[in-house]
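Undergrad: Single-letter residue listing:
4 protein chains.
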Amino acid sequence: MNKYSFLNDYSEGGHPKVLELLQSTNLQQELGYGQDSFCIKAESLIKSELGREDVDVHFIAGGTQANLIVLASILMPYEGVIAAKSSHINRHETGAIEATGHKVITVNVPDGKLTPELVAQGLSEYEDEHTVMPRVVFISNSTELGTIYKEIELKALSEFCKSKGLYLYMDGARLASGLMSGESDLNMKQLVNYVDAFYIGGTKNGALIGEAIVLVNDALKKNFRFHIKQRGGLLAKGRVLGSQFLALFESGLYFELGKHANQMASKLVQGIEGLGYSFETHSTTNQIFPIFPNSLITRLSELYGFYIWTKIDSENSSIRLVTSWATKEEKVQEFLNDLKNLKN
Amino acid sequence: MNKYSFLNDYSEGGHPKVLELLQSTNLQQELGYGQDSFCIKAESLIKSELGREDVDVHFIAGGTQANLIVLASILMPYEGVIAAKSSHINRHETGAIEATGHKVITVNVPDGKLTPELVAQGLSEYEDEHTVMPRVVFISNSTELGTIYKEIELKALSEFCKSKGLYLYMDGARLASGLMSGESDLNMKQLVNYVDAFYIGGTKNGALIGEAIVLVNDALKKNFRFHIKQRGGLLAKGRVLGSQFLALFESGLYFELGKHANQMASKLVQGIEGLGYSFETHSTTNQIFPIFPNSLITRLSELYGFYIWTKIDSENSSIRLVTSWATKEEKVQEFLNDLKNLKN
Amino acid sequence: MNKYSFLNDYSEGGHPKVLELLQSTNLQQELGYGQDSFCIKAESLIKSELGREDVDVHFIAGGTQANLIVLASILMPYEGVIAAKSSHINRHETGAIEATGHKVITVNVPDGKLTPELVAQGLSEYEDEHTVMPRVVFISNSTELGTIYKEIELKALSEFCKSKGLYLYMDGARLASGLMSGESDLNMKQLVNYVDAFYIGGTKNGALIGEAIVLVNDALKKNFRFHIKQRGGLLAKGRVLGSQFLALFESGLYFELGKHANQMASKLVQGIEGLGYSFETHSTTNQIFPIFPNSLITRLSELYGFYIWTKIDSENSSIRLVTSWATKEEKVQEFLNDLKNLKN
Amino acid sequence: MNKYSFLNDYSEGGHPKVLELLQSTNLQQELGYGQDSFCIKAESLIKSELGREDVDVHFIAGGTQANLIVLASILMPYEGVIAAKSSHINRHETGAIEATGHKVITVNVPDGKLTPELVAQGLSEYEDEHTVMPRVVFISNSTELGTIYKEIELKALSEFCKSKGLYLYMDGARLASGLMSGESDLNMKQLVNYVDAFYIGGTKNGALIGEAIVLVNDALKKNFRFHIKQRGGLLAKGRVLGSQFLALFESGLYFELGKHANQMASKLVQGIEGLGYSFETHSTTNQIFPIFPNSLITRLSELYGFYIWTKIDSENSSIRLVTSWATKEEKVQEFLNDLKNLKN
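Chains as they are written, first to last, in my numbering: chain L, 97 to 440; chain Y, 97 to 440; chain D, 97 to 440; chain C, 97 to 440.
Please note that a few of the clues may not be correct.
Note that the list lumps identical chains together, so a pair holds whenever it fits in one copy or between two copies.
[To be verified] Here are the simulated SDA-like cross-link-like pairs (lysine to any residue), alpha carbons at most 20 Å apart as the crow flies:
| hint | residue 1 | residue 2 |
| --- | --- | --- |
| 1 | 427 | 124 |
| 2 | 251 | 289 |
| 3 | 99 | 131 |
| 4 | 407 | 216 |
| 5 | 424 | 123 |
| 6 | 99 | 128 |
| 7 | 427 | 122 |
| 8 | 137 | 150 |
| 9 | 137 | 122 |
| 10 | 99 | 127 |
| 11 | 436 | 394 |
| 12 | 424 | 127 |
By construction, these hints were calculated from the structure, which means they are not laboratory data.
Please build the complete structure, drawing on both the sequences and the hints.
TA: What follows is the structure, given as structure tokens:
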């Protein structure tokens with residue numbers, strides 16, 4: 097048993113306030129399948145947060161499910177989605193998108209972020225009826241590599257997509273961390289102007305389980321509950337999802353939790369830099385990728401949980417450290433102390 | 097707002113003991129994706145309950161998802177599943193099975209229960225490579241109509257399936273109620289001898305969400321986690337599912353809850369019969385279908401929540417009343433009192 | 097080796113004029129994938145025959161392929177097609193429609209023909225997002241049982257479909273025989289007013305292979321070549337399909353061949369009736385279903401090829417006799433003579 | 097209208113001997129769906145050619161259909177196929193493989209040929225149940241770039257695949273040209289030892305339409321006709337495919353035609369080299385990729401049909417010239433003469 101796990105941001109359960117609401121409303125009778133009063137209130141809170149009454153909100157148990165339902169609902173059988181080779185849908189969803197019949201058209205992206213130029217590269221493979229027609233661009237914020245989109249970048253991507261008849265969809269599994277990054281100049285109200293659909297990740301930011309799909313573009317809203325049900329995503333006790341998002345959005349908890357996770361990561365970054373180490377990517381969110389000598393990594397792994405990420409050279413590798421709403425500052429300090437000791 | 101809802105068995109949240117365990121273990125760090133200590137313990141408890149160490153257990157968020165993952169994992173592209181026309185996969189899953197590429201071959205079944213003869217009828221449509229090849233028989237216990245399988249019936253069906261090279265799969269959304277019926281002579285240890293796979297329903301029997309898929313036949317076990325992940329069913333916080341089943345199976349709670357639901361239904365049945373009304377089906381489980389005059393139904397519906405089920409004749413219809421672990425005896429009594437008053 | 101096979105209408109190759117055109121144009125260089133001059137001319141001839149310049153015509157190798165491509169191109173993932181239980185897509189295409197992800201919603205139909213009432217029965221199973229949403233009605237003319245649609249019947253069905261937001265699609269595998277039936281008052285120009293899409297069957301009426309899909313409703317035309325290509329139906333030498341339809345539609349050959357097949361079947365009907373036998377269905381097309389004593393069927397089967405169709409009672413069964421463009425009158429006469437002799 | 101089209105190897109119809117056989121057997125009555133005497137004889141000839149009585153042979157209308165049926169028949173839902181980024185299934189089949197639910201895992205390949213090292217690169221993306229499991233390696237011979245596999249290369253690939261539990265499948269759309277290349281040391285008898293399945297391309301080598309799928313590995317043979325039927329590939333008049341392969345394999349015609357196409361391409365290569373031009377790839381098959389100045393390409397395109405392939409630099413591009421069984425030597429000479437004149 098190690099001292100603390102930085103393996104991921106879903107090692108603990110849910111934020112206490114989330115559990116409290118589940119508890120206090122537990123015996124209240126409600127309608128099933130997402131038509132309960134908690135889903136309705138949570139939807140209303142999210143709309144307020146976005147400053148948009150015209151969006152549709154649907155609650156779903158997990159991120160892979162959110163991605164496959166949204167993409168399969170948008171795409172005609174012969175259409176595909178452009179994504180970074182490193183993206184979650186391409187790398188870590190066991191072909192969930194292909195299982196719904198659609199190609200993921202990949203482009204190599206060093207920092208996990210798509211740009212108009214990179215999307216254009218994906219588009220350039222399209223010719224005619226012998227090739228898959230690109231229809232959606234898939235991005236995530238923060239990305240798999242901890243990087244974020246600045247407003248100007250997202251705007252450029254959004255405009256490019258519109259000019260090419262492409263929908264822009266954002267996987268927000270780590271949206272709280274992405275938006276609360278010290279370097280982010282995006283907020284929810286701006287975000288909703290640039291994407292056609294996205295999901296607000298709960299699982300990795302304080303919920304027990306749950307993601308909130310937001311459909312912005314009217315063209316994507318029709319009969320969406322049928323898609324959810326068909327893919328097995330319409331929970332009888334939708335109340336469990338709704339009440340969690342209610343707790344998260346009632347008084348800004350969602351953003352506080354993302355901020356806390358970032359602060360813990362930031363503290364790690366400063367400490368690690370202070371010890372003279374560098375990083376594989378420039379991350380200001382809750383996933384960081386310090387580069388350590390392999391021997392140091394071995395010793396660290398006896399004390400802490402984390403993934404070894406990339407082999408940098410014959411003697412050094414990067415590791416991934418992930419913080420969350422549940423990470424205590426003392427654990428961060430303990431890690432830095434141990435790192436300092438191991439270095440010597 | 098009515099006095100009480102008998103609409104379904106998922107109107108409330110989870111059983112207090114389920115919530116307690118979620119609460120008490122909340123900050124414990126665990127591995128993700130169902131490899132946490134709660135899933136492991138719950139799996140072990142379920143194996144003990146079944147008296148079988150060799151089965152595989154996987155936890156899933158919902159029933160439609162369980163059905164589609166299991167069936168899609170078993171079937172070759174050209175194979176199909178035989179089911180009652182009234183079965184959940186045929187009637188109320190929005191084509192989830194077909195969306196994975198497979199035909200549901202239906203047979204008309206008056207009481208929701210398949211027999212060797214009815215399965216043979218489904219088989220009779222099979223000819224050669226121009227027809228879908230039946231490979232699985234889908235049943236549920238209790239059924240959509242509240243009926244149950246006796247051991248002798250399940251045994252006969254199981255033997256028939258084996259003799260025809262068919263797998264037998266049971267949807268156990270309401271398994272606790274089915275097994276705890278006063279007329280049931282089946283228990284979990286027997287059940288596991290007769291089916292190749294089944295799921296133990298949590299959502300409708302005390303869990304917030306969750307079903308436990310049990311794979312009995314070795315041929316069905318291989319790489320099952322890939323199927324779960326691809327269909328969007330592998331939750332990062334699998335612990336949430338595991339700890340609920342841990343609470344349900346730690347000291348027989350699962351069966352107690354099913355028994356309680358049945359007792360409440362039974363009390364309703366006795367009271368309604370005592371008032372001179374009859375029922376559409378013979379149910380000893382937690383769904384009952386009394387037949388009332390339409391005018392009475394209208395007045396009842398102002399006081400209680402329920403679905404109108406079948407038009408019996410021009411003046412009478414059946415309604416569905418569902419009880420659950422959370423139904424209090426006083427509510428049942430109140431309903432019967434109101435019914436008596438409305439009758440006069 | 098029997099004297100003649102009435103097994104089906106694809107026992108021989110193609111009509112001599114079809115082969116002649118393939119031969120005479122063989123070394124002419126043409127563009128691939130259906131953009132050759134033969135496809136273009138055949139498309140033009142078909143449009144003239146329909147009196148409609150605004151339809152789209154696409155040539156495809158076979159009927160199952162035509163059905164699955166058209167239906168999969170129309171349906172959203174959660175939508176299904178209403179069809180007779182006896183229909184080809186439900187009974188004899190190995191789940192081809194389900195393999196594209198869609199449910200076939202069946203209704204029992206004694207004579208193979210759908211009516212507004214029967215479609216309404218299929219619609220009645222639809223409730224909400226828990227059920228598949230019906231979107232297309234599938235019919236065939238002639239049907240699997242040799243019956244045909246009269247204009248008034250097709251008109252009523254068409255109007256009903258429009259009023260319910262359903263598309264009407266006709267499988268025309270045996271369209272020539274259907275339209276040229278002595279009892280048919282439908283022609284191609286009328287037909288096109290009542291259906292949203294259909295296919296003109298070539299394989300069973302003089303072509304070596306090939307069916308011509310006609311898309312009437314503008315909503316169904318977009319990017320259809322992508323659907324064809326994705327399902328493996330866009331032949332490099334599309335010319336082979338185009339030139340066959342050119343031969344069939346250049347001077348009314350298509351209809352002549354259907355008429356001939358019907359005349360041969362009609363001659364069989366008269367002869368069989370003359371011998372005192374009755375039929376399972378009333379067919380005026382090229383499939384007939386006489387009822388014979390089983391002992392007679394056994395002896396007949398030593399001389400002629402045919403399928404035994406339905407067990408009528410313990411001593412009698414129906415058989416299916418199919419005629420085609422290639423059936424010679426002398427073979428029909430020979431069959432009737434043999435039947436007469438066997439009877440005595 | 098240009099003097100001659102080198103656009104592709106399917107600009108003309110079928111070889112005269114193919115048409116002759118269709119013609120001479122046209123009125124013979126045969127069983128449907130590939131159970132006719134021509135399919136049976138052609139299957140037998142192909143088995144002799146391979147020196148293997150234990151393989152299964154199935155005839156199919158086109159190459160995309162062959163690829164999608166074979167791959168979908170092999171793969172479990174969560175499995176994928178490793179292929180060159182430039183491969184036909186990845187680039188030019190409109191996502192046909194993904195439409196059956198499977199991921200194409202791509203590797204960058206300069207000359208279109210996979211090697212154990214490149215396959216290992218595809219394998220390296222595989223981790224666990226979060227990633228698609230590679231199960232098949234897809235190659236073509238000749239490749240999209242005109243290159244071929246030598247026996248030693250195919251053997252190495254085959255052994256590597258076996259060692260990794262991967263099936264090896266070869267797309268043989270241009271197999272005749274590949275095997276008859278002057279540099280090829282492979283023949284059909286050797287080939288069958290190295291692959292688990294492949295198809296013998298007819299459409300691009302003398303047939304009107306048609307490909308012959310050969311299943312070598314016993315594990316891939318079961319119920320294959322169900323797969324064909326479900327995907328719309330089981331033609332009622334399968335005789336049309338069988339008799340063409342009968343004509344092609346009766347007396348070595350298939351290989352003669354491939355040889356002729358190669359000779360015409362070789363003559364082009366020599367002539368073009370003689371005029372001082374180079375080539376984008378080293379091809380000894382019927383697709384060649386000479387590099388010409390753009391201005392010359394413009395003038396050439398007024399006389400001949402071909403595709404512009406790759407932009408080499410600001411002033412030069414490669415074009416693709418394809419020869420076939422139908423290409424006459426005089427047309428080749430004419431092209432070379434015109435090229436010489438245009439050069440000056």
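Undergrad: Give a verdict on every hint.
TA: Right, here's what the structure says about each hint:
{"no.": "1", "hint": "427 <-> 124", "result": "between (39 Å within a copy, 14 Å between copies)"}
{"no.": "2", "hint": "251 <-> 289", "result": "within (9 Å within a copy, 48 Å between copies)"}
{"no.": "3", "hint": "99 <-> 131", "result": "between (43 Å within a copy, 19 Å between copies)"}
{"no.": "4", "hint": "407 <-> 216", "result": "between (30 Å within a copy, 17 Å between copies)"}
{"no.": "5", "hint": "424 <-> 123", "result": "between (33 Å within a copy, 11 Å between copies)"}
{"no.": "6", "hint": "99 <-> 128", "result": "between (42 Å within a copy, 17 Å between copies)"}
{"no.": "7", "hint": "427 <-> 122", "result": "between (34 Å within a copy, 18 Å between copies)"}
{"no.": "8", "hint": "137 <-> 150", "result": "within (15 Å within a copy, 46 Å between copies)"}
{"no.": "9", "hint": "137 <-> 122", "result": "within (16 Å within a copy, 25 Å between copies)"}
{"no.": "10", "hint": "99 <-> 127", "result": "between (44 Å within a copy, 14 Å between copies)"}
{"no.": "11", "hint": "436 <-> 394", "result": "within (15 Å within a copy, 68 Å between copies)"}
{"no.": "12", "hint": "424 <-> 127", "result": "between (38 Å within a copy, 18 Å between copies)"}
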